[in-house]
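2 protein chains.
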Amino acid sequence: MKNLSAVLQEVLRKIKPSYDECNELKQVIAQVMNSVKQSVKRRELDVDVILIGSAARNTWIAGDRDIDIFIGFDPRVPRTDLEYFGIEIGKEVAGDSYVIQYAEHPYVKAKISGFIFDIVPYYRVDVASRSISAVDRTPFHQQFVTANLNNKEDEVRLLKQFLKGVGVYGAELKIRGFSGYLCELLIIKYGSFLQLLNDAADWKRRKCISFVNNEIAPKFDNPLIVIDPVDPKRNVAAAVSTESFFNFIDSAREFLSKPCIEFFFPPPIKAINAKRLKDILTKRGTNIYAFSFKMPELVEDIAYPQLEKSIKSICKALSRIEFQPIRTDIYYRKGNAVLLLEFLVCSLPPLYRHVGPPVECKEHAQKFKDKYINDPAVFSGPYIQESRYIVEIPRKYLTVEAFMQKQLKNLKLSEAVYTSMKSGCNILCNEDLLKIEDQNYREFLANYFQRRKRTCE
Amino acid sequence: MKNLSAVLQEVLRKIKPSYDECNELKQVIAQVMNSVKQSVKRRELDVDVILIGSAARNTWIAGDRDIDIFIGFDPRVPRTDLEYFGIEIGKEVAGDSYVIQYAEHPYVKAKISGFIFDIVPYYRVDVASRSISAVDRTPFHQQFVTANLNNKEDEVRLLKQFLKGVGVYGAELKIRGFSGYLCELLIIKYGSFLQLLNDAADWKRRKCISFVNNEIAPKFDNPLIVIDPVDPKRNVAAAVSTESFFNFIDSAREFLSKPCIEFFFPPPIKAINAKRLKDILTKRGTNIYAFSFKMPELVEDIAYPQLEKSIKSICKALSRIEFQPIRTDIYYRKGNAVLLLEFLVCSLPPLYRHVGPPVECKEHAQKFKDKYINDPAVFSGPYIQESRYIVEIPRKYLTVEAFMQKQLKNLKLSEAVYTSMKSGCNILCNEDLLKIEDQNYREFLANYFQRRKRTCE
Chain A
0 MKNLSAVLQE
10 VLRKIKPSYD
20 ECNELKQVIA
30 QVMNSVKQSV
40 KRRELDVDVI
50 LIGSAARNTW
60 IAGDRDIDIF
70 IGFDPRVPRT
80 DLEYFGIEIG
90 KEVAGDSYVI
100 QYAEHPYVKA
110 KISGFIFDIV
120 PYYRVDVASR
130 SISAVDRTPF
140 HQQFVTANLN
150 NKEDEVRLLK
160 QFLKGVGVYG
170 AELKIRGFSG
180 YLCELLIIKY
190 GSFLQLLNDA
200 ADWKRRKCIS
210 FVNNEIAPKF
220 DNPLIVIDPV
230 DPKRNVAAAV
240 STESFFNFID
250 SAREFLSKPC
260 IEFFFPPPIK
270 AINAKRLKDI
280 LTKRGTNIYA
290 FSFKMPELVE
300 DIAYPQLEKS
310 IKSICKALSR
320 IEFQPIRTDI
330 YYRKGNAVLL
340 LEFLVCSLPP
350 LYRHVGPPVE
360 CKEHAQKFKD
370 KYINDPAVFS
380 GPYIQESRYI
390 VEIPRKYLTV
400 EAFMQKQLKN
410 LKLSEAVYTS
420 MKSGCNILCN
430 EDLLKIEDQN
440 YREFLANYFQ
450 RRKRTCE
Chain B
0 MKNLSAVLQE
10 VLRKIKPSYD
20 ECNELKQVIA
30 QVMNSVKQSV
40 KRRELDVDVI
50 LIGSAARNTW
60 IAGDRDIDIF
70 IGFDPRVPRT
80 DLEYFGIEIG
90 KEVAGDSYVI
100 QYAEHPYVKA
110 KISGFIFDIV
120 PYYRVDVASR
130 SISAVDRTPF
140 HQQFVTANLN
150 NKEDEVRLLK
160 QFLKGVGVYG
170 AELKIRGFSG
180 YLCELLIIKY
190 GSFLQLLNDA
200 ADWKRRKCIS
210 FVNNEIAPKF
220 DNPLIVIDPV
230 DPKRNVAAAV
240 STESFFNFID
250 SAREFLSKPC
260 IEFFFPPPIK
270 AINAKRLKDI
280 LTKRGTNIYA
290 FSFKMPELVE
300 DIAYPQLEKS
310 IKSICKALSR
320 IEFQPIRTDI
330 YYRKGNAVLL
340 LEFLVCSLPP
350 LYRHVGPPVE
360 CKEHAQKFKD
370 KYINDPAVFS
380 GPYIQESRYI
390 VEIPRKYLTV
400 EAFMQKQLKN
410 LKLSEAVYTS
420 MKSGCNILCN
430 EDLLKIEDQN
440 YREFLANYFQ
450 RRKRTCE
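Residue numbers (numbering that gives the first Met the number 0), protein chains in the order written: chain A, 0 to 456; chain B, 0 to 456.
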């Protein structure tokens, strides 16, 4: 077992930006800030131009190339003007290489000298709680972190890299993990990466962290609650899912008992090949289906919730007819979507045990019996078990495939997923899973079958 | 649809004892009562000799041959004396053809002139609530019924025959239905068979019937509560199971909407043969196991609860490893026992999804991970799903049969069932079910597959 502080030092050597990288960043930022200011001046606008985020707070990780520049408008400026000028300035600064992205309002994402700049307009409100849109709160976050971080930038970097390594860094919907701002707040609260981990090892669901003594927390229904010091109505950890929360706790415990660098830099996943897949399938003996289809090229934060909703509906419908998936997963990349479902049993005998109404409900009872009492297809019943009618009838769908082929339109899928699946969905099973030739998908599959916590040998 | 009163008249013609039958009964009873009294006199005992039950109350059904004679002792007589003299008198009256039966205390069952006599000793207590044993209450029941039945004997007969026909007559543990005394009380309460049925059609669980206004019922936890008019601490319907209760309600509704004689006299069940069984099995496609074994020749009231407890344990253990029976049944007759279990799935793939402790329970979590983290047999995991650890490991039993063969000793079977199954249990499946050559068992099987409510064409 390596010495704990030696491990952390090794990690810091890898993630702390070098003197040269810092200089390069500073220069590029100075140059872009200058362009923005020029562009503002030309339009004679009364706005603030500020550098935001990890670059401004010196908590970015070596190699990260994302920089946020915020343009602050007076709250009395109409929203249309804010959006118009925000985009115009962004485009002017970006030159040729930019895209317009849509969050609460549109902003410009531009690649400049190898760095990614988000140029985002916002309203300069008096206090964070009066924010008009979500980004209006960001400058207040920046203020709070700058005032309170106390030279703990490296601790933030360790935490971010640790969360990346164990797969729970980022508030995006694919991850549902810890945002950068949340990392900074946790370090401000606990003083260091290790002190945080020590505490987290004993966290229970609904762990609540606040920066004001005796603060009465609003009733947040999240596994982790971190009350925003600049706006107590908001839970900074609202995005953290139950699984991410517990993965963090579990990883904290494991790292503290066996510290090693693999927590921060897990070995890369090897894409699965046909031989390995066959091996795995033989051992497991289960049936794995991949529903593969082409979606519009939505950003992940739009695509994932739709795919999640859809796979939930599919599972619910299949469970109702006794095909209960034992595990599912979602693959999505640039419009290519795969819903993965694994079953112990994917084909059942013709008999379906249909549970009817309670005998006590006289009217429902009558309807149920009228329906089945003279139905020649009935195997047995209706009879009474405990307090309900039961009838044994022919099963409508003997296999998962038969159900999916016929019932697609009746599942509660999201609009985009339904349209996409309808216009062409490949149902692949077991060894056919590899008919999708996409390296990222094969890595996803390898990860699905592994799901083993890294250990240090 | 036949006229309701015509149906009832037809039934009464069949079940009301004829003048000749009444006369024969009276003569035999007089003769046996006389023998008992002689026997008592010879011993110079201070006891009452009374005729009890449906014969005394004129509520017996034509062809019924069971008669109870009770011998009442002073409560100060020691129990051993009561038992000794009870048996001695019974034996003397019976002659050669008798058996000694065991309820709360032993009594003599004797066949005399083609009738079955139970000769039962009891204590003449002052009030029913001071009863020393359960039979001491019986003379009070007799008193209450005689005083209140008001010439409604035929209504009682109709009710008894109806309950027989729909399979819920008798408080014995095989049936868990309505006792004769309960039938009499229900007629006293409702005035007639039809008025009872009309009311029962709307009964809800925990239906409570009392013979005293504003009686505060003790908290009985039964579907039907009929407070004993001679002892309010007792629920006369305590034996009625949820299924019997609802079967009665359902039958009442059906009979009222389509009155026909089949409710009282259902067509006899035809024993199943090989061809029919094969047909049924092909249609259902399920897997049916019969665990067949020889038990000591216990009376049904002793055997059934043991078999029920055992089949419940088996179901619970099988469900835990994902072999969930869809239906079960019990056959028992003269020591021959069969536990019947039907499955949609009786063989599963090697993968078993083992759900571990919640992440929050730090110690259990550590133990769980220590156990599995380096186990080479593990397929996937341990990983976290929602708030718990999951590990995918090899399944210990791939089939129902393999489990039953290995795990018999670890199931919570009753002692007698365990010993019997251990010393020789045939596991028969599907078409082999008919390897048991017993007509009653084949009728039981036919009934299992039918379970269709009788309808009148």
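Check the hints yourself; a few may be wrong.
Copies of the same chain are indistinguishable here, so a pair counts whether it falls within one copy or spans any two.
[Claimed, not checked] Lysine-lysine pairs mimicking DSSO-like chemistry, simulated, CA-CA at most 27 Å apart: (1) K203 x K366; (2) K269 x K13; (3) K203 x K370; (4) K277 x K395; (5) K257 x K361; (6) K206 x K163; (7) K395 x K282; (8) K110 x K151; (9) K90 x K188; (10) K188 x K293; (11) K366 x K257.
Note that these hints are calculated values from the structure, not bench results.
Treat the numbers as computed from the prediction; the structure is a model and nothing was measured.
- Tell me, which hint numbers fail for this structure? Violated hints (numbers, rising): 8, 9 and 10; every other hint is consistent with the structure.
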